[in-house]
Amino acid sequence: MKAFNLQGMVQRFSTLRGARLMLVILAMSGVQLFFNAVLAIPWGGLVEASCRWDCTWYVGIAQNGYMPLSTETVYNAGAQKNWAFFPLYPIISSLVSWGLGIKVITSGLLVNILLWPVIVLLCCKDMELRGIEVNNLLFCLFFIVYPLNIWYYSQYSEAVYGVLLMGMLVSLRLYKLYLACILGFFLSISRPTGFLMVICLAAWWFFTARQPEDRSMQERTMLDRLREAALLVSVAGAGLSAFVLYFYDLIGDGFAFAHVEKAWGRHFLFFPQHILIALESADRKIFGVYAIYVMVLLFLMWRKKWMVNALLLSTTAFVGASTGVVAIERHILANPLAIEFLAYLTVKLPYRETRNILVGLGAGHVCFVLIWYMNTFFLT
Amino acid sequence: MRFVVFVKVVQIVLIAVLSVWNIYALKVGMNACVPQPYQDYYMRHTLPLNAYLAAVRAGEVMHRVCQ
Chain P
1 MKAFNLQGMV QRFSTLRGAR LMLVILAMSG VQLFFNAVLA IPWGGLVEAS CRWDCTWYVG
61 IAQNGYMPLS TETVYNAGAQ KNWAFFPLYP IISSLVSWGL GIKVITSGLL VNILLWPVIV
121 LLCCKDMELR GIEVNNLLFC LFFIVYPLNI WYYSQYSEAV YGVLLMGMLV SLRLYKLYLA
181 CILGFFLSIS RPTGFLMVIC LAAWWFFTAR QPEDRSMQER TMLDRLREAA LLVSVAGAGL
241 SAFVLYFYDL IGDGFAFAHV EKAWGRHFLF FPQHILIALE SADRKIFGVY AIYVMVLLFL
301 MWRKKWMVNA LLLSTTAFVG ASTGVVAIER HILANPLAIE FLAYLTVKLP YRETRNILVG
361 LGAGHVCFVL IWYMNTFFLT
Chain X
381 MRFVVFVKVV QIVLIAVLSV WNIYALKVGM NACVPQPYQD YYMRHTLPLN AYLAAVRAGE
441 VMHRVCQ
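These protein sequence lines map, in sequence, to chains P and X. Each residue of the first sequence is one higher than the one before, starting from 1 at the first, in this note's numbering. Each residue of the second sequence is one higher than the one before, starting from 381 at the first, in this note's numbering.
Read the hints as simulated data drawn from the structure, not as lab findings. We treat Cβ as the ideally placed atom computed from N, Cα and C, and that holds for glycine. Some clues are possibly wrong.
Unchecked claim - Chain X stretches covered by chain P per the calculated footprint, using a threshold of three residues with CB under 8 angstroms from any CB of chain P:
no.: 1; region: 388 to 400
no.: 2; region: 406 to 413
no.: 3; region: 416 to 426
Build the full structure now, drawing on both the sequences and the hints.
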């Protein structure tokens, strides 16, 4: 009888594309969901266990909208308001909740569970469009076992943001400018760094984007590229502008989403200072460690010439770390661009080493899920 | 050729219209209409939290105020 050969099977599935790849990703995500749900049983089930930290803010916005000026909350005796959270994810959660007749806390989780496989698929597509050949099965498996993907199975805006960011990048690589514009519009109202990402992508498009395969469009002048980049920025800016005007109408401060960060203790400093402050503090030391790991990751990314990923993540890290390093692990290490790079580094190793790393990450994933459910200040 | 020119014109018009919208939002956003304690706590960072909360409880941070 022939022995079961795992390496051979992995090789056979390494060149999966399109619908078959999507099916495999869905199957893997299903297994991940099952394990997360089993681990959540002691906390009353997946929906309750995954709702930690910012989840209550998002659910509150989806149910009651943004707080008016006079509202006093129980958090930090009144200074913290839900203005810091961008509206796209609560709007989608609210619409799904209304459409399916389920609670917002459940619809918010459902949205993320459905979008996570799309992010993995878009990252595979990005690799394919860049002409980087990897074992797709192991590449996708890395995403599933990666310990810091917990926010894609929680009521957070990471999944919506990830889909829009990767969708916009892939659209531009495919020379689908109008689709990229629409995605950019929504990206700018998905998270505070969304509009910055569009500006970075527009700059990348202007300076270095590949020529389209369509011959009639290949002779593009600098003015053409400038016009296209301006279109991307102005459409995305329109989304953010609508949000600014909404806040001006509600409370009189269009940039309340930025100003309210003060209530969370965030203020501008040169980012190494924030890292040192975190390392010296008793309860935020871990975020200083995360920040150092982020710096190493960004250095590797620039060194390997993953220019777009490095540009987008460096901008996010710079802006995020300049106001404080709390949650930097979520902003950078859980970003699909970072996971894509780490997955590439892993699957490029010899098979035995890749397998060992994936097994280690799988064990780490279980630990991180449990830490998340425990609601500690280790992950936020 | 005509279609390419038409697309370019539409894109330029779109950029112009949206830029006006964006500049208007920026201008409005830069001129906040908020009470003084709000400005001092959230924007200038010159008011301590306790003093801000006292102002909230005293009803000084209830509505938009254009100064």
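Legend entry - Within 8 angstroms of chain P (C-beta), three or more residues of the region 388 to 400 of chain X: holds (count 7)
Inset, instruction - Quick one: see if chain P covers the region 406 to 413 of chain X, three-plus residues with Cβ-Cβ under 8 angstroms. - result: Per the Cβ count (6), the hint holds.
Legend entry - Outcome, coverage hint (the region 416 to 426 of chain X, chain P; C-beta under 8 angstroms; three residues): holds (count 5)
Of the numbered hints given earlier, the model fails none.
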